[in-house]
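Enquirer: Just so it is clear: in the sequence shown, position 204 is 188 by our numbering, and no numbers are missing.
No lab work stands behind these hints, which were simulated from the structure alone.
C-beta: ideal position from N, C-alpha, C; glycine also.
Any given hint could turn out to be false.
Here are the simulated DSBU-like cross-link-like pairs (lysine-lysine), alpha carbons at most 35 Å apart as the crow flies [said to hold, decoys possible]: (1) K278 / K108; (2) K108 / K17; (3) K287 / K332; (4) K21 / K142; (5) K21 / K287; (6) K264 / K142; (7) K108 / K132; (8) K(-6) / K45; (9) K45 / K21; (10) K142 / K287; (11) K294 / K107; (12) K287 / K264; (13) K294 / K132; (14) K132 / K287; (15) K332 / K17; (16) K107 / K142; (17) K294 / K108; (18) K332 / K294.
Computed beta-carbon distance windows for the label pairs [as the list claims (entries may be wrong)]: (19) G200 / E314: 17 to 23 Å; (20) E172 / S285: 45 to 51 Å; (21) K332 / G288: 58 to 64 Å; (22) Q150 / P312: 51 to 57 Å; (23) A154 / D231: 47 to 53 Å.
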Amino acid sequence: MTTIYHTVEKRLKIGESVVLATVIETRGSTPRKAGAKMAIFADGTNTGTIGGGSAEASVVKLAGEMLPHGVAVLTHCNLDDQEAADLGMICGGEQRVLLVVVPGNEENHQLFQALAGIDGTGKKMHLVTMLRGAGADFSHVYLRLFDKDWTAVGLEAKPVTTTVLQRLTAAPQPCALETIEDCTYLVETFDSQCTMYIFGAGHVARPTVAIATIVGFQAVVLDDRSEFANSLSFPQAKQIFTLPGFDDPFSGLTIDENSYIVIVTRGHTHDQSVLAEALKTSAAYIGMIGSLRKIRSCFESLKGQGVDEKDLARVHAPIGLNIGSETPEEIGCSIVAELIQVRAQLRKRGKK
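Construct the entire structure; sequences and hints are all you get.
Expert: What follows is the structure in structure tokens.
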């Protein structure tokens, strides 16, 4: 999600206003659910998606009409049965979408710069959109950013009062509109983008990194061979490290609940060394490549070194979803599919 805000921040920096469209509620079958977001710009371009089709087209059209003088509006988009069938769904549905004009000024630029900057920091932030006015048309919009403890970031919290914050934080409703007195509030919580640490810079690593970055993971590549671990081989990687070896692979790294560890080194011994250290971390995901025979051998060796069976149960091995993959590119797809699956499960449970 923060990828959208990187683009928004750049537009605001040059004084260009932006419309943010957020799906607030859905009924029936819709391609995107509550929380889906897109940004629409004055030149007619956009980033992100609320599902495509005629519903998205109508939102883009409305956003273009709002940019000169609009504030915010709540609109309904219907997806009929035929369009639903075209999108691979059984029946139609309905989306409620909130469109908010974000003026291109320094105040908003700093806010979205801070929001876009949380990637890789492990931070959590709350964006509160405060809307004044009745019905679906609003007269004023205030955007305020708060850290994980609900301390205002940048601007002071006002006009979002302490009493309102207490109400909003007592029983938070993700991506739901809440009316308090004469104002409507939308609270959105954003976590740092998940980071994939991939050990090994060989044939499987290249497509895995490319695909992972497309679906929202930051990629950090680590290997002991500089001729493999370099920006020419991995242009999408956020960071690339050449290690002296794999005995202390996490030295200098901060591995937390936003971290996904992928082990695809060039040899069984290196894989085992990385895995032994990975199990000491709080990573959300640990996956290791290899045949069932190799994995059994590795696990038995680690158990002989005192590693508990419960810790080994954390490991996804063989790595990736079983989709019959054979080529490096197919294996990369299966690995990233498993990362997406785990990330979605953790988000559903309230973790990253």
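Enquirer: State the violated hints by number, sorted upward, taking the hints as numbered earlier in the document.
Expert: 1, 5, 6, 10, 14, 21
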